[in-house]
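First to last, the sequence lines map onto chains A and B. End of the first sequence = 489 in the numbering used here, gap-free, step of one. End of the second sequence = 489 in the numbering used here, gap-free, step of one.
Bear in mind the hints are in silico, worked out from the structure with no lab data behind them. Hints may contain errors.
Treat identical chains as interchangeable: a pair holds within one or across any two.
[To be verified] Straight-line Cα separation of at most 30 Å, DSS-like style, residue types lysine-lysine; simulated pairs:
{"id": "1", "residue 1": "K349", "residue 2": "K410"}
{"id": "2", "residue 1": "K481", "residue 2": "K420"}
{"id": "3", "residue 1": "K75", "residue 2": "K316"}
{"id": "4", "residue 1": "K183", "residue 2": "K23"}
{"id": "5", "residue 1": "K75", "residue 2": "K63"}
{"id": "6", "residue 1": "K265", "residue 2": "K349"}
{"id": "7", "residue 1": "K436", "residue 2": "K423"}
{"id": "8", "residue 1": "K88", "residue 2": "K163"}
{"id": "9", "residue 1": "K136", "residue 2": "K24"}
{"id": "10", "residue 1": "K63", "residue 2": "K136"}
{"id": "11", "residue 1": "K412", "residue 2": "K384"}
{"id": "12", "residue 1": "K258", "residue 2": "K349"}
There are 2 protein chains.
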Amino acid sequence: MEDKRKKDLGVAVKKNEDFSEWYVQVVTRAGLADYSPVKGCMIIKPWGYAIWEKIQQYLNKKFKEKGVSNAYFPLLIPKSILEKEQEHVEGFVPEVAWVTRGGEKELEEPLAVRPTSETIMYATFSKWIRSHRDLPLKINQWANVVRWETKSTKLFLRTREFLWQEGHTVHETKEEAEVMVKEMLDTYEEMAKDLLAIAVIKGKKTDSEKFAGADYTTTIEGIMPDMKALQMGTSHMLGQNFAKAYDIKFLSRDEKEQYAWQTSWGVSTRLIGALIMVHGDDYGLVLPPAVAPVQVVIVPIWFKNNKEEVLQYAKEIESLLKDKYEVLLDDRDSHTPGYKFNEWELKGVPLRIEIGGREAESKTSVVFRRDTREKVTVSLDKLQEIIASLLTDIQHNLYQKSKQFLENSIKEVKDYEELKEIISLKKGAVKAYWCGEEECEERIKEDTGATPRIIAGKGKGKCVVCGQDATKIIIYAKAY
Amino acid sequence: MEDKRKKDLGVAVKKNEDFSEWYVQVVTRAGLADYSPVKGCMIIKPWGYAIWEKIQQYLNKKFKEKGVSNAYFPLLIPKSILEKEQEHVEGFVPEVAWVTRGGEKELEEPLAVRPTSETIMYATFSKWIRSHRDLPLKINQWANVVRWETKSTKLFLRTREFLWQEGHTVHETKEEAEVMVKEMLDTYEEMAKDLLAIAVIKGKKTDSEKFAGADYTTTIEGIMPDMKALQMGTSHMLGQNFAKAYDIKFLSRDEKEQYAWQTSWGVSTRLIGALIMVHGDDYGLVLPPAVAPVQVVIVPIWFKNNKEEVLQYAKEIESLLKDKYEVLLDDRDSHTPGYKFNEWELKGVPLRIEIGGREAESKTSVVFRRDTREKVTVSLDKLQEIIASLLTDIQHNLYQKSKQFLENSIKEVKDYEELKEIISLKKGAVKAYWCGEEECEERIKEDTGATPRIIAGKGKGKCVVCGQDATKIIIYAKAY
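Just chain A, with the same shape it has in the complex (with noise of 0.2 Å):
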């Protein structure tokens, strides 16, 4: 076993030369996910769950000083509540896992497992809101869903469940669901940048990409290695259309009846498929700092006769840095240095820090960045300042690197023939004008297997397409 191991420490294929067994390898050896004995499900071991409880962390922080509360509803939906709003059911509906059965007996109506939970809260959202003293109401919900997927499945990008958070608002007016709508992406822009160290587009959808019941969608999205778009987070205008299936109206300050305006908007796990994606290298995983569930690991190397005088300086540094930094010593017996070095450059930790008898002695440390893969050799008086602005460094370098890659990779084109080969030779998403017609999106995705992922301005110019006047200009590309 230990043999196997060291074999599988260490991802077996470069990035840019098989892109997705290094994926699949990163994900697997680094202990994110696993697979599951059932198909299309996957299991979130603990270093990828801890990674998705500093996203939970952030964003909570953020949906509290939105006011915005969490909650818990069921799992399973009534078929009944299910189809009430037609577009969300056609939309979900060839994906639903159901439950026909419960203990012995058949069920008089199947439940849906959860594809998402618009129509069960929203069901119960009509009981809540009575007057426009009820308003706003915003809810957020941590929970798995099921979505029974019918293409290949990839560990955190396409699974049959997934974990996400669903945020659920309820307006007075158009105008407040518009600027929550708003406020939600920016956040969503906000910690792709500031915890994952990600940059993003960020617009709205075309009606043929938008959420199933929606009046329109708006999302952020990455471009990845294989310039593919990842979709990292969507935010819905409702509009009224599920207030009018599920009967929410509340008594208005005029004392008028009036239906409700509604947003929803969510992140899921495969936040983390985004972050192995744009931050790893040959060497496996590397976290931004913000994100990292530990920042700063601590190896010391030693050997029979200065074991305890380096294990003492260890926790004399430990103990300089446990405040302000999640830092583990790592002092296992049962591996030896070089390992624990391997094994924590696979887990893409920031920095590590070597201590070793020369170390101990001269009261310096030798710390190694896991994104510039840098060595440098500091002093213990200096060390607090030096691990402060080197954390600080890797986030912001990291951010730099994936916008740069960003902006590269969004090509301007003149014409169809140039969007073609763009996407087929996989040289960068596409940003051209659009004449609104659905018919020339289409004929995209025919030809390239490309979709509109935003709408990202506006202006004067050609459909790319089909050469008719177009104002709106999209960013085209194939997507996960």
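Add chain B to chain A, keeping to what the hints say.
Frame of chain A; chain B shown alone:
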């Protein structure tokens, strides 16, 4: 609506007059939980969920100290995997909800919605564990589980879906596993005391009441005001039963292949039910400070002519306290101070600070404690000190009351008639000798509805049912 609300604001029945109706009113009116459109499933509302998050925070810290890592395993379990451990299957299958359809297709193999995760986790642990170096493995997950109850459901206490944590550990030796079982039960007892201020009985279950598939089960249980016992946490010694069914073997230190030893343990949202029943009073919920989402609510009482001054002073007090405590300044314009008083009492907030013009002028405040409903006037310079000591005192006071109640509730009996009387008149739980025969347990159950809750000790006596020699002392009670 405003009128309806006022009517609902408070509990309309007394706790000792109609305990069951009182419970439902506290749960729903204090905003802890609500009924859902799905039969037998509940909605955990923000106030209830915030209490659950406090429990999560407390336990996550303890788990981390014990080397337990959080992870996440699939919701859906293939029938063939669920059925590998015979006793376990027999215990759980009658209450499993089955997914039989995915999208438009019948599944080849039905999938169980997890009632608990031993089976799915251990099928994977067998892949992860090869050597003693991989042990101990200590995994916890926070998750939803579904058990298709046929008994009537009750918010928090018995619902078809509930939230819980389930810990699962794997060890080299029986001794190590037994230490783990005990440590976790002790942790739960500590939590009951330090967080929930609830005194519990603690001990092993008799075989008839153990977890399906375990060697033995240990439990903490509270005695509720209606003298029914509530199981609040369990810790199971699984022995090698699951290891054998799921083939969890490892190469031991002396290079022999051995089956591993396992434990599992959990607590659920039912704890919130215990909190309500144990501490609540005729005014609603009473929260121990350690688990209160808001520990101190500040209610300003202003008139038109002094609003600014009063609010200013209220904010001063808020910033004085907010670094150390969970403080909420309730400055809503839409509600009167009287309404706010009632609402926060109903929700059980431990301390209320009332501030009017007089207080603002004299730099004092009136502090109201929820448990005893006493008021005291405090000068600003003493406020921090008084708040600290009141919160400590409330936590202590609630625990002492609970402890006293528990001690008074457990009645030692000499004969069977006395046992039957105590149970049927709801005068207490009963402590009595048991010979060890299942028949005698069964007889008590048939005659009174009470079941053996724990083995409370050993000694020499006569079985309260059959009069034979007996060495085990049992606590019997009806149970939720």
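Going down the list of hints, with the structure as the test:
1. When the C-alpha separation of K349 and K410 is checked against a cutoff of 30 Å, the pair qualifies only within one copy, where the shortest distance is 27 Å, while the shortest distance between copies is 52 Å.
2. For a Cα distance limit of 30 Å, the shortest separation of K481 from K420 inside one copy, 16 Å, qualifies, whereas the shortest one across copies, 79 Å, does not.
3. With identical chains, the CA atoms of K75 and K316 are at most 30 Å apart between copies only, with a shortest distance of 25 Å across copies and 51 Å within one.
4. Taking the shortest alpha-carbon separations for K183 and K23, neither the intra-copy value of 50 Å nor the inter-copy value of 44 Å comes in at or below 30 Å.
5. Taking identical chains as interchangeable, the C-alpha atoms of K75 and K63 lie at most 30 Å apart whether they share a chain (19 Å) or sit on different chains (20 Å).
6. Only between protomers do K265 and K349 lie at most 30 Å apart by alpha-carbon distance; the minimum there is 27 Å, versus 67 Å within a single protomer.
7. In this assembly of identical chains, K436 and K423 lie within 30 Å of each other by CA distance solely inside one copy; the values are 15 Å within and 86 Å between copies.
8. Taking the closest pair of Cα atoms, K88 and K163 come within 30 Å of each other both inside a single copy (29 Å) and across two copies (23 Å).
9. Taking identical chains as interchangeable, the C-alpha atoms of K136 and K24 lie at most 30 Å apart only when they sit on different chains, with a minimum of 27 Å there against 53 Å within one chain.
10. In this assembly of identical chains, K63 and K136 lie within 30 Å of each other by CA distance solely across copies; the values are 28 Å between and 34 Å within a copy.
11. In this assembly of identical chains, the alpha carbons of K412 and K384 lie at most 30 Å apart only when taken from the same copy (25 Å versus 59 Å across copies).
12. For the homomeric pair K258 and K349, the shortest alpha-carbon distance between copies (26 Å) is at most 30 Å, but the shortest distance inside one copy (60 Å) is not.
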